[in-house]
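Chemist: Sequence:
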Amino acid sequence: MSGEWVSIENLKNYEGKDVEIRGWLANRRSSGKVVFLIVRDGTGFVQTTLSLGEYFDKESLKTWERLPLESALIVEGKVRREERAPGGYELEGRKVTLVSSSDEYPIQKKDHSVEFLMENRHLWIRSRRQNAVLRIRNQVMMSIHEFLQARGFTLIDPPILTPAACEGTTTLFALDYFDLGKAYLSQSGQLYMEAACMAFGKVYCLAPAFRAEKSKTRRHLTEFWMLEPEMAFYDWQDNMRLQEELVSFIVQEVLRKKRRELEILERDTAPLERIQPPFPRISYQEAIEILQRKGFPAQWGDDFGGDEESVISQEFDRPVFIHHYPAAIKAFYMEPDPENPDLVLNDDLIAPEGYGEIIGGSERIHDLTLLERRIAEHHLPREAFAWYLDLRRYGTCPHSGFGLGIERTVAWICGIHHIREAIPFPRQIYRIYP
RNA sequence: UCCUCGGUAGCUCAAUGGUGGAGCAUCCGGCUGUUAACCGGAGGGUUGCAGGUUCGAGUCCUGCCCGGGGAGCCA
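In terms of our numbering, the first sequence has 28 at position 28, counting the first letter as 1, and numbering is strictly consecutive.
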């Protein structure tokens with residue numbers, strides 16, 4: 001008599017059938033003789049009706065009417081198309097089994113402050129919107145793997161504990177490593193990917209990165225996830241072509257497979273539909289000119305902040321590449337422009353709608369002498385980079401790669417304001433709980 | 001690190017230097033289709049902490065603690 005255990009996202013395939021839903025009580029309403037239980041199971045939400053009559057007497061209705069929110073339960077009933085029900089389908093309940101009653105649930109149906117929600121992040125992820133964001137994140141991750149694997153890339157996992165800075169400038173989280181002194185949480189897997197691309201040709205890592213900078217903006221976390229592909233024999237332009245194809249693929253896949261989540265987030269999908277290659281390309285020099293035309297006091301040699309990035313991105317209807325930055329404001333490993341050694345063969349990709357930089361990429365220095373000079377100029381510890389220099393001794397070749405910030409990309413696609421909602425458990429300067 | 005805003009009931013917020021309230025949540029009652037349901041009733045407070053000014057401080061002053069927003073830095 002009891003029906004098949006079905007997930008809510010598949011309910012529409014069971015119209016007229018008896019099924020069982022296992023989940024949690026998301027909300028409830030009652031009207032004396034009818035009790036409405038809104039049940040969620042992680043795949044969706046469905047309204048269950050319990051009516052006075054054959055299956056429920058007045059006593060039992062009273063019990064279910066008072067069931068605390070987030071209680072775990074199993075409901076059995078018949079799937080019915082119902083215009084009045086949110087989602088178009090509802091469950092005509094015949095039996096409810098209480099798995100566990102909940103304590104009074106802290107997150108309620110009305111307003112909450114950011115502070116309160118962040119303090120209860122472990123519960124907040126149950127909510128409809130947060131659930132939608134994290135489902136889209138999952139899709140982004142899967143689409144990245146699908147895209148790169150189909151193009152012959154090999155996933156190579158980088159170490160998280162590292163002996164020294166990849167880029168010298170940024171601050172690292174340090175910890176004691178037995179008798180070997182300090183170790184640091186990785187701020188980038190790039191240098192290891194450069195080693196790996198000389199072994200496998202095309203490689204990528206999708207891993208956490210850590211920055212101990214005291215950044216306090218909606219675009220920063222101390223722990224974030226980064227995709228870092230690295231390709232042997234790719235020049236800086238091959239690199240950009242790969243980036244625009246990847247970003248377009250990710251966005252189109254989310255549009256194709258996560259429509260419902262985008263609706264929950266009330267994301268205007270029109271700007272996303274436009275995300276197709278090729279992306280516009282402007283030089284650093286052109287970017288400076290745009291800013292000056294817009295009245296910004298930008299000088300050649302300045303780096304761009306969030307406001308500047310927004311102004312530049314507003315000129316275009318899709319992500320825009322900015323290439324050929326001054327070498328002085330970029331990392332030590334970037335290949336100089338052969339026509340002007342003050343510039344490097346790099347690119348930043350700025351997302352539309354003010355979401356800022358989502359990719360930083362470049363061709364890498366492959367000449368041993370030049371790289372040694374750069375390491376010295378940046379006062380980096382030569383011993384720590386011995387293995388990295390080896391890559392330029394044994395069959396060195398031009399190669400390129402980039403880093404894509406997962407949370408910034410997810411936040412942009414979802415249209416959410418702050419990237420802390422784009423990761424399940426954000427780590428920020430003033431928050432490490434829960 | 002700097003700038004800025006804030007901390008009052010479980011939550012979101014009110015309260016001219018003069019008896020700390022409301023909505024939601026909780027508990028009790030009502031309602032035959034609710035849509036953040038609705039209607040009636042009840043309980044619920046060391047106003048972040050420590051000093052100070054004052055006849056009197058949630059309110060003014062000083063310090064500290066904890067958060068929010070932003071800058072720099074970066075993905």
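Rather than coming from a laboratory, the hints here were simulated on the basis of the structure. Some hints could be false.
In silico DSS-like cross-links for lysine-lysine, where the CA-CA straight-line distance does not exceed 25 Å [stated by the list, open to error]: (1) K78 <-> K12; (2) K12 <-> K257; (3) K17 <-> K78; (4) K78 <-> K95; (5) K12 <-> K95; (6) K202 <-> K12.
Chemist: Taking the hints in turn, state whether each one holds.
Modeler: Checked hints:
no.: 1; hint: K78 <-> K12; in the structure: 12 Å, holds
no.: 2; hint: K12 <-> K257; in the structure: 17 Å, holds
no.: 3; hint: K17 <-> K78; in the structure: 5 Å, holds
no.: 4; hint: K78 <-> K95; in the structure: 10 Å, holds
no.: 5; hint: K12 <-> K95; in the structure: 20 Å, holds
no.: 6; hint: K202 <-> K12; in the structure: 43 Å, violated
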